[in-house]
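Student: What follows is the residue order along each chain.
Number of protein chains: 2
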Amino acid sequence: MMYPAAVALGIRLRVLAGSTAESAARVVPEPVLGDCRDAAVLAAFAQLSDVLTVADAQVSVAALEKLEADGVVVRPSPAALAYVQDPSVAMRRRLTEFGEEVAGHEAGQGVARRRELAALVARSPSGQGAAWPVAERVRVAGTGDEVIAPAPGLDPALAARATEVALRIAGELGVVGVLAVELSEVVDPSTELDGTASVVVDDLAMRPHDAGRWTVDGAVTSQFEQHLRAVLDLPLGDPRPRAPWSVTVDVLGCDYPDLYRSYLHVMAHDPGVKVHLYGKDVSPGTVVGHVTVCGEDLDDVRARARHAADFIAGVIDK
Amino acid sequence: MMYPAAVALGIRLRVLAGSTAESAARVVPEPVLGDCRDAAVLAAFAQLSDVLTVADAQVSVAALEKLEADGVVVRPSPAALAYVQDPSVAMRRRLTEFGEEVAGHEAGQGVARRRELAALVARSPSGQGAAWPVAERVRVAGTGDEVIAPAPGLDPALAARATEVALRIAGELGVVGVLAVELSEVVDPSTELDGTASVVVDDLAMRPHDAGRWTVDGAVTSQFEQHLRAVLDLPLGDPRPRAPWSVTVDVLGCDYPDLYRSYLHVMAHDPGVKVHLYGKDVSPGTVVGHVTVCGEDLDDVRARARHAADFIAGVIDK
Chain P
576 MMYPAAVALG IRLRVLAGST AESAARVVPE PVLGDCRDAA VLAAFAQLSD
626 VLTVADAQVS VAALEKLEAD GVVVRPSPAA LAYVQDPSVA MRRRLTEFGE
676 EVAGHEAGQG VARRRELAAL VARSPSGQGA AWPVAERVRV AGTGDEVIAP
726 APGLDPALAA RATEVALRIA GELGVVGVLA VELSEVVDPS TELDGTASVV
776 VDDLAMRPHD AGRWTVDGAV TSQFEQHLRA VLDLPLGDPR PRAPWSVTVD
826 VLGCDYPDLY RSYLHVMAHD PGVKVHLYGK DVSPGTVVGH VTVCGEDLDD
876 VRARARHAAD FIAGVIDK
Chain B
576 MMYPAAVALG IRLRVLAGST AESAARVVPE PVLGDCRDAA VLAAFAQLSD
626 VLTVADAQVS VAALEKLEAD GVVVRPSPAA LAYVQDPSVA MRRRLTEFGE
676 EVAGHEAGQG VARRRELAAL VARSPSGQGA AWPVAERVRV AGTGDEVIAP
726 APGLDPALAA RATEVALRIA GELGVVGVLA VELSEVVDPS TELDGTASVV
776 VDDLAMRPHD AGRWTVDGAV TSQFEQHLRA VLDLPLGDPR PRAPWSVTVD
826 VLGCDYPDLY RSYLHVMAHD PGVKVHLYGK DVSPGTVVGH VTVCGEDLDD
876 VRARARHAAD FIAGVIDK
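Which chain is which? The protein sequence lines are P and B, in order. The first sequence begins at 576 in our numbering and counts up by one. The second sequence begins at 576 in our numbering and counts up by one.
Because the hints were derived from the structure by calculation, they are not lab data.
Any copy, or any two copies together, can satisfy a pair, since identical chains are not distinguished.
Listed next, the in silico SDA-like pairs over lysine to any residue satisfying Cα-Cα at most 20 Å (straight line):
hint, residue 1, residue 2
1, K855, R587
2, K855, A583
3, K641, G609
4, K855, G585
Only chain P is shown next, with the shape it has when bound in the complex (with noise of 0.2 Å):
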């Protein structure tokens, strides 16, 4: 998904695929073939870029590092990827450094979650930063994922907050790239009759996130452009929506291999849904797409999205 992005903004990109099954080995020319975990081969690959950037949480810390000293340009940097892939020690330990809440610290003290947001943002090797509006992801047992942007009925001054803890992590971390932070809206009991409510910080992704895909067709820039514009230290772009509301389903492979069928009727039913299918292999329960609409309404956004995900996994009957 950050390929279009590349080819608009004239960078050319290229991928370390584990094999050509792989959506990114399918979509970007001459890829790479070879396992990310494996220093030699991410050694072999860091050299035919100018930067590396990194999706995939099994590349090894400890090798990004040893090509950071030997003159690599990594983005974001292992000493802030580490932050990501040791979640339970070093994370936490400093995030509670600077202040911020985080899950499980608070264990114990009768906090209610009330429900999940995201809080997106990136920031540039100079120190630039950009927000996305603070997006609620609503799980739904047995289909797909919805993310809606902005969270509805969110407190504006809890937004606030939210953003600015995710600008502040990624400061502190030094992350460059974009920084996804998952955050629940949480409210103590003691606090719960004035409808008092607060976040904290559930977990942390240094690459452009499922909570962020509405911004491909919702936002003037996208989480894949402004990942690759602040890799490479250009200037961020926009991160404003362009219309009041997105929501994005998840697409969830279902019995059929063949997607077509569902696919023509969504088609046919809704001109304006943005389907976006991401080239795997269909199974059931995997996710094999997304689709997102964006408009004036909350309530006909949400239903058309669910309606055109639901169908195309076969969750709505045939």
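Put chain B on the given structure of chain P with help from the hints.
Tutor: Here is chain B on its own, set in the frame of chain P:
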């Protein structure tokens, strides 16, 4: 520019290109290299795909007719393409037959040209049609052309008439895919005082067109996605604009072969500009890319797009 749409829709795109230096061959994996004017090359290439579509006016209609006779699905059809390739005879005769006013046809009647318009439509094999708002093309000596969508101040009745002309031509000629109809808004001196204007057809193109590049950032469905949907007989997408105004300006190559510095300036100066570079070698006067700006205020949108394009092109002193 069609490739990102193909990737999102899960469509495999193969390209026949003259050399690896062509933009499409740089972007799409495994390009087939060969001369598209050579019937044997074209026949071999056609075997690789389910549908063949043509983006190069040099392809021989006779060669395409032979392929079609051999069972290759060619969209738009060679019969339709013939009207474009021989506009002086077949097109003008046929358009005259079904009553459109055609430029040249009324030469000598003292009609005054007001401005250039472009009516962009798409048509699927089943006859479904979709139309983007009529755009205006502004030619500026010594710098990049500008396309404004929708055409400012265009009488709604005249816009509807231009769209109707384009959809009618698409239907009458059996066009499948995107059809761009270049028109002139004209006034007859005898009716000039009362402001009565009409449109005459100047030219046709049966493929995604320069006048439709604004749709990539400015419409729910871009001309590239729509062309793919149409030629593959998928239901057409929503052509509505995402913003009140979209302006696209050509970026011309300048004396500095490295665009990098001016490109940085433009990104830093205006984070909302969408920059599209074509990956061509930069030489003075060549169109090497375009910029698009979308927004609420026409004067602001035009000024921003113009500044960005002129700065990259070196028209504004650095």
